[in-house]
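S.K.: The primary structure of each chain is shown beneath.
Number of protein chains: 4
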Amino acid sequence: MLKIGIIGAGRIGKVHLESITYHVPNATVTAVADPFLNEETRAYIASFGVENIYTDYHAILDDPSVDAVLVCSSTDTHAAISVEAIEAGKHVFCEKPVDHSLAKIQAVADALERRPGVKFQVGFNRRFDHNFAAVRKAYDDGKIGEAHILKITSRDPEPPNPAYIKVSGGMFLDMTIHDFDMACFLTNSDVEEVYVNAAVLVDPAIGEQGDVDTAIISMKMANGALAVIDNSRRAAYGYDQRAELFGSKGMVATANDTLSTAVLSNAEGVTGEKPLFFFLERYMGSFSEEMRQFVAACENDTPVPVGIHAGFQSVQIALAAKKSVQERRPVKLSEIQ
Amino acid sequence: MLKIGIIGAGRIGKVHLESITYHVPNATVTAVADPFLNEETRAYIASFGVENIYTDYHAILDDPSVDAVLVCSSTDTHAAISVEAIEAGKHVFCEKPVDHSLAKIQAVADALERRPGVKFQVGFNRRFDHNFAAVRKAYDDGKIGEAHILKITSRDPEPPNPAYIKVSGGMFLDMTIHDFDMACFLTNSDVEEVYVNAAVLVDPAIGEQGDVDTAIISMKMANGALAVIDNSRRAAYGYDQRAELFGSKGMVATANDTLSTAVLSNAEGVTGEKPLFFFLERYMGSFSEEMRQFVAACENDTPVPVGIHAGFQSVQIALAAKKSVQERRPVKLSEIQ
Amino acid sequence: MLKIGIIGAGRIGKVHLESITYHVPNATVTAVADPFLNEETRAYIASFGVENIYTDYHAILDDPSVDAVLVCSSTDTHAAISVEAIEAGKHVFCEKPVDHSLAKIQAVADALERRPGVKFQVGFNRRFDHNFAAVRKAYDDGKIGEAHILKITSRDPEPPNPAYIKVSGGMFLDMTIHDFDMACFLTNSDVEEVYVNAAVLVDPAIGEQGDVDTAIISMKMANGALAVIDNSRRAAYGYDQRAELFGSKGMVATANDTLSTAVLSNAEGVTGEKPLFFFLERYMGSFSEEMRQFVAACENDTPVPVGIHAGFQSVQIALAAKKSVQERRPVKLSEIQ
Amino acid sequence: MLKIGIIGAGRIGKVHLESITYHVPNATVTAVADPFLNEETRAYIASFGVENIYTDYHAILDDPSVDAVLVCSSTDTHAAISVEAIEAGKHVFCEKPVDHSLAKIQAVADALERRPGVKFQVGFNRRFDHNFAAVRKAYDDGKIGEAHILKITSRDPEPPNPAYIKVSGGMFLDMTIHDFDMACFLTNSDVEEVYVNAAVLVDPAIGEQGDVDTAIISMKMANGALAVIDNSRRAAYGYDQRAELFGSKGMVATANDTLSTAVLSNAEGVTGEKPLFFFLERYMGSFSEEMRQFVAACENDTPVPVGIHAGFQSVQIALAAKKSVQERRPVKLSEIQ
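Protein chains in written order, with the numbering used here: chain A, 1 to 337; chain B, 1 to 337; chain C, 1 to 337; chain D, 1 to 337.
Source of the hints: derived by calculation from the structure; they are not laboratory data.
Among the hints, erroneous ones may be present.
You can't tell identical chains apart in this list, so a pair holds if it fits in one copy or across any two.
Below, a list of computed lysine-lysine pairs in the DSSO-like style, where the Cα atoms sit at most 30 angstroms apart [unchecked claim]:
1. Lys166 to Lys249
2. Lys332 to Lys104
3. Lys104 to Lys323
Only chain A is shown next, with the shape it has when bound in the complex:
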C-alpha cells in the first residue's frame, strides 16, 4: 500500500484525492498540505479518512511513512517543491507545466539524476484518456503504418478570465501544452520545429494581455511526420477534443465523448448531444488511470509512463510557439534552451 501525501488542495488536488481513494488500489492518501485551508476544505479532506492535514508541506516531506507526493500547488512552486521532495527521497507526481522556465525544469531533472531510485511523473493526463490511448495503440500495433500527418483539435468551451493570462503564461503554456504533449505521445516522437499562425478572434481583452486566443500550430516531428494543432479559447458547442493520425497504411481518428448516444430526429434535423462540457467531465477517467500507473511504477520500481523529458519538451515547444508568433517565422526547438 503506497502512502501518498498531496501538496496543494485546490481543484486538481481534490480530484486526485478522490481518484486515489475510490479508484486506485494499493494506494492511500495519508496526508494533505495546503497553506490556505478553510474549514470546508478541511472537512472535505477528512471525509476521505486522511489523518494528517497540514498547512506546511514540509510536514509531509519530513514524514518517513510517506512514500510519494503529488505536487498540486501553484505552477511557480512546482519545480522547487519537486526538488525538495526528490531530495527527501519521495516519489513525485507533478502537475503540468513543471515550470515556465526550462532552467528550473532542468534543475528537477538534475535532482532526479542524483536520486536514481526516485520516480517522477508529470501530470499529462490525456495520455491516459480512452480515446487518445486508442489512437496510440493503433499506431503501436502497426495499424496505420508510418506516421505521416497528425491533426489535433483542441478547443475550450469558454475563455479564461483575461487576468489569468499573466499568471498562466498564455494559451500555449496553459492550454496548448497538453496538445504539445499529445503530439509527441501520439506520434511517439519529439518535435523539431514549430510555426504558429495565430490571432485574437474570441476576446480583445486577451489580445490586450499580449496573448492570442485562436491558433493553427504546424510542426515537424523528429520522425519525419507533420503535425498540426488547431486551438480556440471558445467553441460555442463546448469542449472539442479530437485527434486524427494518418499514415502509410491508414488513419485512426477520434470523436468527442458525449453524455449519451441519444439522437433526436425531428422536423429540424437529426441532433445528437454536444461534447462533454469541460476537462473534469471529459477526462475524469484519465485522472484515475494516470494515478494507477504512477502507483504501479512506484510499487514495482518500473519506469513511469510520463517522465521529466515530456515535462521539459512540452514547455520547450510552448516557448518556441510564443517565439514563432513574435518573430512570425518557423522556430526550431534547438533555438530554445
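Please build the complex by placing chains B, C and D on the supplied structure of chain A, with the hints as guidance.
M.R.: For chains B, C and D alone, kept in the frame of chain A given last:
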C-alpha cells in the same frame, strides 16, 4: 448515513458493495450475509470495511442498526426474504425478477401494504442507464410528442449454459425481463397484449430445454403505442443494447456504447469498435445510479423510482410471452394472474 | 437497341421515360400511350424525342417494332394490360402491385407460362437501391452467416389523402407492399406466416376508411428467419427507410440517405440533415437500375431480377396482413389463395 | 438553348459532354474539337448527337452559331485559347488551372475587360459539390457566425506517375489548387499569407522530381480567419475530401461520401464503406451543377459563380506555397506577382 446490509454475496451483491462504497454518498454497507462464504469472499468483503459478515441473513434482519437490505440471493428466495425484511421494518432493494410466481410477488406487495413506511425497489438498473434515461427524458420533455412505436434491440454476446435455462425460467424471465421493463419505462405505460414470434437458431440444446433463443416480441401498450423487442442469445459482434422511440413529433434513438470513439480507416473499410462486452461493462454506471436513488428515497421518504408494480408486471409480461409461444396467439396480460 | 413503349404517362411513367433516355444504354422509348394526355404532357413526352404518342395503348401493342412495354397505368388495369401485352409477344415491365386480386395475378402468370420467351418484371425498385442492395450482397457474400432477424423500418413523411385509401387497398397494399418484397429479397426467402399489431395514431380519417396508419408486422420466413416491419404514415423528420439483417456471424444495417454529410455543431447540439424527402428523391437511382436490368434481361434473354412470383407473393402477404388485423391472430400465407 | 462547343475531348471534356447532354436543360453540345481524335472517340462523341467534330478548334471559334466554348485542352493552351475565344465573342468555361503563369492569366483577365459581355467561368467544380456547398450555405446563413478556423483535408487515393509532376507543375498546382480555391470559397475571403510544412513520405521518386507528396499548409485569410489544408498523395483508404469551418457561433463539418450507408458489425468491429474512389465518382454531381450554373449565367446575363479572380488567386496561392517550401518561411500573396 443509511446503514445497509447485503443478503447474498454473489456477483451482483459484490457490484452493489463496491458501488455503495465508492459511488454512493450517505450510505455505508455495515453487514453482508451469505451461506456459502469462502475465505476469499470474506477477505474481499472485509476489504471494504464491512464490520459484520454472516452466513445467516437473519442476523442482518435482527440488527436494529441496519436501515435497509439488498436482496441479492438466488431468485427463488427473493420473495420470502423480502417479506421477512419488510416485516422487520427494513427498506428493501430486491434484485430482479422478484419471483417467477405472480402469487409470491403479490405476497410482497401485500406485505408492503401492511408496512407503508417501508421502501421497496426492484433492481431494474437499465432505467438508470445514461442512454435509456436520455430516451425517456426526451419523451417526458415532449420532444417526440405522443408515443407511436417503440423498438428495443437486446442481444447477448453469448448464450447461457443450457442447464441454466431450467433455473432461470427461460429467456423471457432471465433476459427479456429487462426489455419488458424497458418497454414500460420508455413509453411510460403498461403492456396490454403480447405476441411472440420465436425460434431456436443459436443453440439446439436450448431448444431441448424447451426454450427459445431468438425472438421478436410485439406488444400493445396501454397508452396506445405499439412496441417491439428483438432478442438473440448470441450476437457475433457483442452485447447489442439499443432503443428507438418514435412519436408524433419525432424519434429518439440510441446506439451502443464503446470503449473509445476511435475509428480506423484502411484498405478494408472504416471500422469502429464493437459494443462494450456485456452487462457489467455496459451498465456499470447504472448500478451506482439505481443505488443512489434508492438511498435517496429511503433517506428522504420519497417514492422509489422502480416499485413493486414494475416487478409484478415484468414477470406478468414474461409469462404472457411464454404462453404466446406455446399457444401461438396474442395473449392479453389480463389472462395472466 | 430495345424499343420500349410506355403505357401510362403519370408520375412513374415519366420517371421511367427520363431514366431510359438518360441513364439506360441500349434502350429507347419510341411510344407512349395515355388516355388523359393534355398539351403539357404531350410536349413533355415529345421533348424526349418520343415519336409516337397515343391515347389508346393498343396502338403500342399493335406496333411490331416495339419490343417491350412498361405498364404504368392505374393498378386496376395492370393485370389485364399485362396479359394483352404478353399475348402480343411484348416483354413487360409492370408497376406494383400487379393487382389486388391473386386470381388476376395468377392469370398473368398463366399467360407467361404460355409464352415462355416473354420477360415479365415487377417494379419493386427498392431491390436496386444502393443501400438495400448492399445488405443483400453482404448476406450473399456470407458476411453475416445464416439469417436470424430482419428488421425493416419504413415510414412515410406524410399520410395520403384518406380518399386514396379506397383506391389503393390500404396501407399494406400501397405502402407496406414494398417492405413485404424487401423482406423476401433481403432474406432471400418466402414468407410463411404474418402477425400484425396495428393502430390508427396518425389520422382518424384513415381509421374511418377502415385502414390503419401505424403497424408492427411480425413474420416467419420460410428459411427460419424472423422478420419485423414497422410502418408509420407520418414521420415528422421525413422519409425513414432502413433495414437491418442480423445473422449467425454478424449484422448489416443501413441508415437513411441525406442531401449532404454536413453536420452543424452549436449551442443546441450536433445536427445533421434529415433523410431525403420522399421516394422520388430517395430512390431515383434505383429506378434507373431496375430499368437497366430489365433491358439487359430482354436483350440477353436472361432471367429478370424480379419476376411474377415476387408480384404474387407480395400481394399475398398484404392480404394476410389485412386478415391478421381483422381476426387478431397470426395468418399463414397458405390460408390466402 | 445555348449552343456549346467543347475544345479538347480528353477525360474531362467527355465528362462535360455527358453532363450537358443528360443533366443540363437549355444547352446542347453542337461541336467538339480535338487534334488527336481516334475512331473510338469520334464514335463516342457522335453517339451524343454532336453534329460537328473537328480536329482544329478554330472551326468552333469561327462558327457564329456557337454561343459558348469549354476549354478542356492541355493546361499550357488554356490561356491562349481562352483569349482567342473571348475575342471571338464566345462565352468561355475554362478548366483549372487557367495557367501556371500569372501573367498569362492576367492576359485573359485583360481580354475580358475588353469584352464585358463575355462570360468566363473557371472549372472549380468542388464549389458545386453538395457537401462543400452545404458548408458555405451554413456560413452564409449565419449558422456559425464569424469564421475563425477552416480545416480542409484533401488526400488522393494514389500518387500520380512521377513523370506527370513536370507537366503538372507539382502537387500545389495540380492537386492543392482545388483546396486553395475551396479555402477562398468556404471562408468567402481571399488569402493573405501562406506557410507550408511539407515532406516526401509517399514516394521518393516524387522527391526526385523536386516535388513533395505530403503537406500541411497554414494560411491567413483576408477576413482574419485562419485556414489549414492537409494533403497526401496517397490515402490507403481512398479519396479523403472533408472540410470543417469553425466560427464564433459553431462549426459545420462534412464527412466523405460512400457508395452506400451499409455498416457491417461482426467479431472484427463495426465497419462502414470506404470513401468513393476518386474525383469522377466523388464529384460527378458537381460537374453537372457547375455546367448548369454556367449555362444559366450565359442565358440570363448574370455573373458567373467562379470568375477569373478565382482562377488568378488559386495559382497565386500555389506559387506562394512553392516559394514557402523553398525558402522555409511564410510568404505573403503580395510577394507573388
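S.K.: Now, for every hint given, state plainly whether the structure supports it.
M.R.: For each hint, the structure was consulted:
In the homo-oligomer, the alpha carbons of Lys166 and Lys249 lie at most 30 angstroms apart only across protomers (27 angstroms), although the nearest pairing inside one protomer, at 44 angstroms, exceeds that limit. Taking CA atoms no more than 30 angstroms apart as the test, Lys332 paired with Lys104 passes inside one copy only; the shortest distance there is 21 angstroms, against 39 angstroms between copies. For a Cα distance limit of 30 angstroms, the shortest separation of Lys104 from Lys323 inside one copy, 19 angstroms, qualifies, whereas the shortest one across copies, 40 angstroms, does not.
When the structure is compared with the earlier hints, no violation turns up for any of them.
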